[in-house]
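Student: Here's the letter readout for the chains.
4 protein chains.
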Amino acid sequence: MNSFGRIFKISIYGESHGNQVGVLIDGCPAGLQISEDDFTEDILRRKSGAKGTTPRIEEDKPILVSGFFNGFTTGAPILISFQNKNTKSEDYKDLFSFPRPGHADFTGKMKYGGFNDFRGGGHFSGRLTLGLVAAGVIAKKLIYPVSIQAKLVEAGGESDINKAIDKAIKNEDSIGGIVQCLAENVSIGMGEPFFDSFESLISHAVFSIPAIKGIEFGSGFESAKMFGSEHNDQLIDVTGKTVTNFAGGINGGITNGNPLNFRVAVKPTSSISKSQKTINLDSGKQEELKIQGRHDVCIALRVPVVLEAVTAIVLADLMMLEQKIPRVISQS
Amino acid sequence: MNSFGRIFKISIYGESHGNQVGVLIDGCPAGLQISEDDFTEDILRRKSGAKGTTPRIEEDKPILVSGFFNGFTTGAPILISFQNKNTKSEDYKDLFSFPRPGHADFTGKMKYGGFNDFRGGGHFSGRLTLGLVAAGVIAKKLIYPVSIQAKLVEAGGESDINKAIDKAIKNEDSIGGIVQCLAENVSIGMGEPFFDSFESLISHAVFSIPAIKGIEFGSGFESAKMFGSEHNDQLIDVTGKTVTNFAGGINGGITNGNPLNFRVAVKPTSSISKSQKTINLDSGKQEELKIQGRHDVCIALRVPVVLEAVTAIVLADLMMLEQKIPRVISQS
Amino acid sequence: MNSFGRIFKISIYGESHGNQVGVLIDGCPAGLQISEDDFTEDILRRKSGAKGTTPRIEEDKPILVSGFFNGFTTGAPILISFQNKNTKSEDYKDLFSFPRPGHADFTGKMKYGGFNDFRGGGHFSGRLTLGLVAAGVIAKKLIYPVSIQAKLVEAGGESDINKAIDKAIKNEDSIGGIVQCLAENVSIGMGEPFFDSFESLISHAVFSIPAIKGIEFGSGFESAKMFGSEHNDQLIDVTGKTVTNFAGGINGGITNGNPLNFRVAVKPTSSISKSQKTINLDSGKQEELKIQGRHDVCIALRVPVVLEAVTAIVLADLMMLEQKIPRVISQS
Amino acid sequence: MNSFGRIFKISIYGESHGNQVGVLIDGCPAGLQISEDDFTEDILRRKSGAKGTTPRIEEDKPILVSGFFNGFTTGAPILISFQNKNTKSEDYKDLFSFPRPGHADFTGKMKYGGFNDFRGGGHFSGRLTLGLVAAGVIAKKLIYPVSIQAKLVEAGGESDINKAIDKAIKNEDSIGGIVQCLAENVSIGMGEPFFDSFESLISHAVFSIPAIKGIEFGSGFESAKMFGSEHNDQLIDVTGKTVTNFAGGINGGITNGNPLNFRVAVKPTSSISKSQKTINLDSGKQEELKIQGRHDVCIALRVPVVLEAVTAIVLADLMMLEQKIPRVISQS
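Just so you know, the sequences run in chain order B, R, H and U.
Per our numbering: the first sequence = residues 1 to 332.
Per our numbering: the second sequence = residues 1001 to 1332.
Per our numbering: the third sequence = residues 2001 to 2332.
Per our numbering: the fourth sequence = residues 3001 to 3332.
A portion of the hints provided could be inaccurate.
As the list claims (entries may be wrong) - Mimicking DMTMM-like on lysine to aspartate or glutamate, the simulated pairs with C-alpha atoms at most 20 Å apart in a straight line are: (1) K2051/H x D2160/H; (2) K3141/U x E3322/U; (3) K274/B x E1230/R; (4) K3061/U x D3042/U; (5) K2167/H x E3222/U; (6) K3170/U x D2160/H; (7) K3163/U x E2222/H; (8) K241/B x E1288/R; (9) K3285/U x D2237/H; (10) K170/B x E158/B; (11) K1241/R x E287/B; (12) K3141/U x E3230/U; (13) K3290/U x D2237/H; (14) K3241/U x E3230/U; (15) K1151/R x D1296/R; (16) K277/B x D1237/R; (17) K241/B x E1287/R.
Worth flagging that the hints you see were computed from the coordinates, not collected in a lab.
So that you can see chain B by itself, here it is in the shape it has in the complex (with noise of 0.2 Å):
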């Protein structure tokens, strides 16, 4: 399904090349004093521009269509929309015959027996993130005072980001990276012992974030090579807090009072200048592709803002139901 949550509840909708893309949120609490401005910073971040992103730069200003009224939140279901505007369609026109490797246009042409609106990935592309971003300020907001900031640690297998990405526009392809999410004040006593574990809901949602391919908490997958000894973090005190932190904040599937820590793999981006070889689909042989469009060489780029917002959908969700947020909100 395209909706996530069980108490904050969000959806989204929209496609690269439509008229819109955008997000319903379902079940926010009243009183929460929200403004356009509030969207600036975490949209501004998302966006492309920059060395290493793609050229098609949209305007992003967000339009609050419902469950606003005098500033603030009222209850009511929220939807938040963006206008799609810098499309150029014509560039993915040969694409539905010819799939783009590592890309869902033939999964998505497959699941949807070739309804798809494919231009620009439609449903599928990375553009939908915008919606996220959108209810993840809504989300920050509401989980207040706990603080959450994401980052680009390694790109194309180095730390010196800058130089990865000279290297893959030099030659025509893309780079991914790994990037780290840190979460403070986080409060005891989330998740659930199965199905529902802390990291389960977190994993779901990140995995919704076009191109991640793997996420570890904590220590992660150094932990298989660890002793007990080593790896299980020695607590100091009643509140719970320990000395190291293997365990990313979470033991048993619950939050244990320390930060939250986990890092995610983000894969090259599929779509890369250089001529790769693809599958006429409907001549069934092997032809060169040159992928028109305009593309980001390393999404890793752009994917901090909008881990930030799904770890705060997750937190705001789970707030609510460990009853740590109101249902409605009195600010003084």
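Fit chains R, H and U to the given chain B structure using the hints.
Tutor: Positioned in the frame of chain B, the structure of chains R, H and U alone reads:
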């Protein structure tokens, strides 16, 4: 919530030292032939007793309580229960005040206000995975001809797993490991672009298994170091077959018909024989803790069959949604 | 939650005097041919303007925002919106402190701490049913050859509905009515024994329609006065056809293949022109209230098409679950 | 699905002539004090044995399988089971081919392809309501100080219920009835404007109870005959108290703080002693059916406690959502 799935839906219940553990399955098609013998192999694979596993041995005989009639599923909810017989609760009596480092003792106590059954980890115990395995047996039958195989490929950082376990036993310590899971004959088109991507659903289910701290699909974390031109799997034919499988069988969150391939990181068992420091929650003082109980040196040894089970459960749910499994099975 | 359905899932949004109202549909199969003209008839049936309905007239032109491409559904989320143009918010400015008796003004204010958009009833307005009707148009196409027909069979206790409305208008008052709904060609086997009985799902959806205060299936309340020997519908043949249909097409919560038959009670519109007493929520004093706004004398006149819509939505969801509607529609 | 609720979630399982029936409760707060004695009164009220009820008498002793520790709920899933002992399955052996008119025999067989356990109605049996009553006992404790009272106010069209039952017994027939349910101390603000209106949730749960064919809130079907000026409940004070309660305690789908009031229609038991005609599903011929088994002459006699139970379950779920019940109960 302690349940998972939209159409083929499972819920687990029970405690390590309570009377029973078990699973409730709702939405299983009628007409699936099932006998108690069908459970034998997978339950045996999960069982302890071998080197590196706990000396607590239970009979683990499945009781088919409801949802079966004349050897077939009826379409009504299925309850399968297992008796707990070999419990030594006195080993745990101190742990209420002395949380084991790395374990859910502390988070469980905080979340449930001290009302949780802490004996043997209570509802957090790995014993609960018995219900997952039982549900997995049914799911595996439903998803035929999809076949799933998981195996431990590394323990304590070594590919010689036997050696790694000997070392951990000698040190009165514990180790983790890496488990790989492959699924063949997965049909094209399962998963959704956003929120219910195939990776989202698998990871949601996988992080229910105690001790899992990371998951990666296809080339996973390695993909973050690759160029797009390397990582993009070249299509060979119109059925979607690819030369390489760095995507792990998934593009844009949707299965692409190639084998599903993912790996999980299992942390070292948090209960170790070696003495550790912890906090006395009553006095607030640091004290030495020598864990009595009976524990696995390498819980990763018992993870493969559980990983297969949750993968089968996800596939059964999605295949029912995609109408690849009928609502009534007609066996010939 | 402001959403309904498990597979064919709808969410509505908007406010009476906001910018838009609309509906988000998730899980609609790809390949369904839809044009704006398909909506005309049902939207017209819901429209006001006739005797007994409000003088507020809106254009009600559906905007197919997302999920459509080249005249077909794509399988991606469908957003359909309607502009609000003919609003007179000044009529409502007093109602924040003077709740209209029988209306949601009081409960809305209490639930949302006074942050709700109270203009014209805000999100509680009957205008929101426009989204239901739009989703119903799509659902009706999906469930073909099932056909649904609802009609107003009684208003203000009279079968001469015209006469009843004249009387209410003359009295500056409002009246309710009884709406009957029939569905033909419903297949056998939809619904579940417990919790998701067919009656449970229909009534859940039906009580979303403002002003509905009762529902009965088949002989309904009359059945409480009958003997079993009278009420039991005699089976005629192996397809399940029965001589009578006191069951309304449902046994044990499951459709039995006979026509579905149920009736709903619609209360009189709570907004009336006549002067009423209410409480001034600021002063706590009783005062006279003369409602300005524009209202329906008999909202029951506009209920039949909405009742058909929600019935179609329930059937579409269940028929997808029961695999009676494919995931991709192939039209010939 | 055989489950209900979003936060306080119940699932039932079992068959009339299987080994057990029972209920799984997920999401119950930790710290609620519960003993087996707490179940006695409501189980006794549901029990058969009195005039007009079935001669099949079961011990109905609740077994608290999981989720309890030291006399309190733990926060983990609660399983409560009941043994079936007094079964006479041979009475039912013919019914596989001879569906009882008015019963789920035919729909159950069609839905589940003949794999359903048809003995005594299997999973469709009224015996399954025992699990509802058990969950209701817990829910009633949680929602305190809300109190719920349901009673049979009419049977077979008579207010002298005893007389009506005597007549039905003499005729070898069965009768239905009307059950009224009142709840006091319900807080303001529960329910949602659309889809999860309070009436939607109550009716969803209520139509899970076998034999219910109608529900009406407040003045219900009578409201369709009233003028708005009569029906609108006049507000008395700022707490929302009204002079009349035609709304049944609900406006706009939201509780208004006045007593909740609704009535349900129970059809006559479909199993009667009198001979009836039915179809032989094997031969397709009409034949006489003389039902053996043991049945209730007036199942409505046993409905009140079940109706209270499902009402309490809905309220518990909503009160948790609205944060009126904490996640951990601290009893003093």
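Student: Does each hint fit the structure? Answer for all of them.
Tutor: Consistency of the hints with the structure:
1. K2051/H x D2160/H: holds (14 Å)
2. K3141/U x E3322/U: Status holds; Cα separation ~17 Å.
3. K274/B x E1230/R: Judged against 20 Å, a Cα distance of about 11 Å means the pair holds.
4. K3061/U x D3042/U: This hinted pair holds, its Cα atoms lying about 12 Å apart.
5. K2167/H x E3222/U: holds (18 Å)
6. K3170/U x D2160/H: violated (43 Å)
7. K3163/U x E2222/H: Cα-Cα ~19 Å, so holds.
8. K241/B x E1288/R: holds (17 Å)
9. K3285/U x D2237/H: holds (8 Å)
10. K170/B x E158/B: holds (16 Å)
11. K1241/R x E287/B: holds (15 Å)
12. K3141/U x E3230/U: violated (37 Å)
13. K3290/U x D2237/H: Holds, at about 19 Å.
14. K3241/U x E3230/U: holds (17 Å)
15. K1151/R x D1296/R: holds (17 Å)
16. K277/B x D1237/R: OK: K277/B and D1237/R at ~12 Å, within 20 Å.
17. K241/B x E1287/R: With a Cα-Cα distance of about 15 Å, the restraint between K241/B and E1287/R holds, given a limit of 20 Å.
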